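Student: As a plain string of letters, each chain reads:
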Amino acid sequence: MPATETSPLTKGYQPVTWNFKLLAHDMLGGFGGMGEGMSVQIAPDGRRIIWLAHESAPKNFTAVDVSDPRKPKVVCQTDLPHANMRSNSLETCGNMMAVAYQTSKKDLQPAGFELFDISKPEAPKSISFFDCSGPTSRGVHQLWFCDGEYVHCASGSRDFVPTNPSDDQFYRCIDVRNPSKPVEVGRWWMPGTRQGDNVMPPTRHPIDKGFRAHNTNVYPQRPDRCYLAYIDGGMFVLDISDKANPKKVSRWTNSPPYTGFMHTIVPLFDRGLMLVTDESTENNAKDWPKLIWVLDAREETNLVPISTCPLPDHTIYAKAGRFGAHNIHENVPLPTAWQNDQIVLGTFFNGGLRAYDISNPYQPKEVGIFMPPAPPGAPTGTIQMNDVFVDERAVVYAVDRHIGGLYILEMDF
Amino acid sequence: MLDLFPSRDSGPFGRRLKRERGARLPVTVVTGFLGAGKTTLLRRFLASPEGQGTAVIINEFGAVGIDDALVRDSAEETVLLGNGCVCCITRTDLQAALRRLVFDRERGTVPPFSRVMIETSGLADPGPILQTFSTDRALGGEFHIDVVLTVVDAVNGEAALDTAAEARKQIILADRLVISKTDLASPATVEQLTRRLQQLNPRAVIDIAIAGALDPQRIIQPAMNERGGFVAEAEHDDGIASFAITRETPIEWLTFARAMETLIALRGADLLRAKGILNIAGCRGPVVVQYVQHLAHPPVELEDWPDSNRDSRTVFITRNISEESVRDLFAAVESLAAP
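From first to last, the protein sequence lines stand for chains A and B.
Counting from 1, position 354 in the first sequence corresponds to residue 354 in the working numbering; the numbering is continuous, with no gaps.
Counting from 1, position 237 in the second sequence corresponds to residue 237 in the working numbering; the numbering is continuous, with no gaps.
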């Protein structure tokens, strides 16, 4: 029987809304298990559409008209070709959208990413598909696409044989300037993770999640840098000034003693800071603490951790589902995304959505919590807040990983 | 810190806030002389939808009985009240009680309250309570006093004001005044009391509680939003005066800060309360300042002005310090700062 709010499993766990105002909640037609792709488009007809990736099959992606954030309306929801795949990540740029396809096993199709024309949000039109499948590949887990020219992604490849099966996805840069014919222009992997490398494979962590790429963020402030999270390998700053030959600038890792799974890097360029997130992947807080780290990045070759965003007492949350850091708002360089270097908004699974004031980066301070009641049918008996995006109006969108769909909020601090 | 990690999104006082309290927990301090009707007002508020998720602290200095069914077992320091509310009685240390409530909330042992009401004892001077919230080192980093509300009994209020200095100070330091028990007093008595209260504290709006009930919004709405908050001119017994200083042109922060530092250094004990909304040169939004005797709240820059008025306005409540002296002090500091 699934846990409920009042069950012993979740004793002490209580919904909280503090300094957020809930504007609307949409269960997305019963398909509210959402992934980590959220992107806002202003459609040619002026409507504001948020495109959402799903955590798992059967749905591919969902588009919601959020022109009035108090009255969201689903305008498009598409299906995947089969159940052994997921489209966990997507990005829009103008009227083009890139969607990542990852299969549950290797050597399945389709594994890669697909480009869509979304000029008519009700009827996305496929432009092309970039194949990343292969005997050792599950395709693309995550992608970054903000300039209309290049897709930076965490992907496997037919010609990439990892030293460990879990290390199958690495950084790839795909030129989509001709969207109907995407072409790979560069790649980089952590030395030792590909068979034939001249260094030893990395030592596995006690909770072994793989030495492979996750987020691949590139910003116009430093178009020559890729901020690459590498799961159990920590994070890398890559020099991509020559896209064909990315080079490591620096690396920072917190594990061991922490438990790996570095997820997202967000540089705050004006401030010389960097936000780094881990992802909690174990139920019942077994991999606690999973944190948002603040790094002094004034010298990019010597990244210095100076603080973490404080987590609440894990014992309250160690009872149902995941608990800990995951996605943060990434200041995606698009006109439809909020740009801010004072507030960090992050999702913490059963810890909900949390906001931190980092005006003093040595002492991040929690300034808001949104931990809604468990959505109906939630398998863990709690919310499992998975991803967050803030549009340029400062409207906050947060999604549940299992069933709860989309929550639309205002910051009130 | 801004020198090391500058940000275009912040001003000289840090992140610009939507409102003065930012993310801090809002606090309403309810004062009033013995038997004025504070507990009745509080109980009605807690029963309203706005009262949901309130932490109540009964600040029981001395052996003052609480004739209230809210608190059934005073041996238990913290009592769950239902409606998501929690109550705690503290006899000595308000700071400790507030810190414990925050800690218990973090641990999930009390409901996730989002507002604090402090009911003081009838004998309490609100000054020390205001000081408790003045600095980050105390509780100013976590809590923010939105309203100081003083309840005055229509029947016995006049007599209390005549005989007790604490009662007068409760009136003078209040943001809002509530007259209770008007059904038990003649209209003439109520009118006379109202005049007396207006004389003591012309800044505060006066509300009438009907059978102990008041619009809950009047209990929690920040007093700063009211126009009267910056209009003050009064002389009282006890040498207490309140006055407002306004200025039409932007002021340099250093000039203002130096003048206030001098005032605090020389006469901090007699600066009972000061609150200002300032047009500081170089700042986009208004800067809100608060002082309680020797202590200064960290200044806060707001995102926007509340209205089209861009004048700097500061209200002072002082003891044996004249308006003229403060004006002269500011003029002297300004002329020295800008030769």
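Calculated directly from the structure, the hints in this document are not laboratory data.
If you're wondering where the values come from, they're calculated on a predicted model, not measured in any experiment.
Idealized CB from N, CA, C, for every residue including glycine.
Don't take every hint at face value.
[What the hints assert, rightly or not] Computed cross-link-like contacts, DSBU-like style, restricted to lysine-lysine with a CA-CA straight-line distance of at most 30 Å:
{"no.": "1", "chain 1": "B", "residue 1": "18", "chain 2": "A", "residue 2": "181"}
{"no.": "2", "chain 1": "A", "residue 1": "71", "chain 2": "A", "residue 2": "21"}
{"no.": "3", "chain 1": "A", "residue 1": "181", "chain 2": "A", "residue 2": "243"}
{"no.": "4", "chain 1": "A", "residue 1": "21", "chain 2": "B", "residue 2": "18"}
{"no.": "5", "chain 1": "A", "residue 1": "106", "chain 2": "A", "residue 2": "248"}
{"no.": "6", "chain 1": "A", "residue 1": "181", "chain 2": "A", "residue 2": "247"}
{"no.": "7", "chain 1": "A", "residue 1": "365", "chain 2": "B", "residue 2": "18"}
{"no.": "8", "chain 1": "A", "residue 1": "181", "chain 2": "A", "residue 2": "209"}
{"no.": "9", "chain 1": "A", "residue 1": "105", "chain 2": "A", "residue 2": "21"}
[Said to hold, decoys possible] The calculated label-pair distances, taken between Cβ atoms and stated as ranges, are:
{"no.": "10", "chain 1": "B", "residue 1": "307", "chain 2": "A", "residue 2": "412", "range": "19 to 29 Å"}
{"no.": "11", "chain 1": "B", "residue 1": "324", "chain 2": "A", "residue 2": "305", "range": "49 to 59 Å"}
{"no.": "12", "chain 1": "A", "residue 1": "257", "chain 2": "B", "residue 2": "52", "range": "36 to 46 Å"}
[Stated by the list, open to error] Take a look, some chain B residues computed to stay more than 10 Å from chain A by CB distance:
{"no.": "13", "residue": "43"}
{"no.": "14", "residue": "187"}
{"no.": "15", "residue": "279"}
Student: Against each hint, give a clear statement of whether it holds in the structure.
Tutor: Hints and how they fare:
1. 18/B x 181/A: violated (48 Å)
2. 71/A x 21/A: The hint holds at about 14 Å.
3. 181/A x 243/A: Distance of about 18 Å is within 30 Å: holds.
4. 21/A x 18/B: With Cα atoms ~14 Å apart, residue 21/A and residue 18/B stay inside 30 Å; holds.
5. 106/A x 248/A: Between residue 106/A and residue 248/A the Cα gap is close to 28 Å, so the pair holds against 30 Å.
6. 181/A x 247/A: holds (26 Å)
7. 365/A x 18/B: The hint holds at about 17 Å.
8. 181/A x 209/A: violated (33 Å)
9. 105/A x 21/A: violated (41 Å)
10. 307/B x 412/A: 19 to 29 Å: Taking Cβ atoms as reference, residue 307/B and residue 412/A lie about 21 Å apart, which means the hint holds.
11. 324/B x 305/A: 49 to 59 Å: holds (55 Å)
12. 257/A x 52/B: 36 to 46 Å: Holds - the Cβ-Cβ distance for residue 257/A and residue 52/B, about 42 Å, lies within 36 to 46 Å.
13. 43: The assertion about residue 43/B holds, with a minimum of 24 Å to chain A.
14. 187: Check passes; 42 Å lies beyond 10 Å.
15. 279: Since the minimum Cβ distance to chain A is about 22 Å, residue 279/B lies beyond 10 Å and the statement holds.
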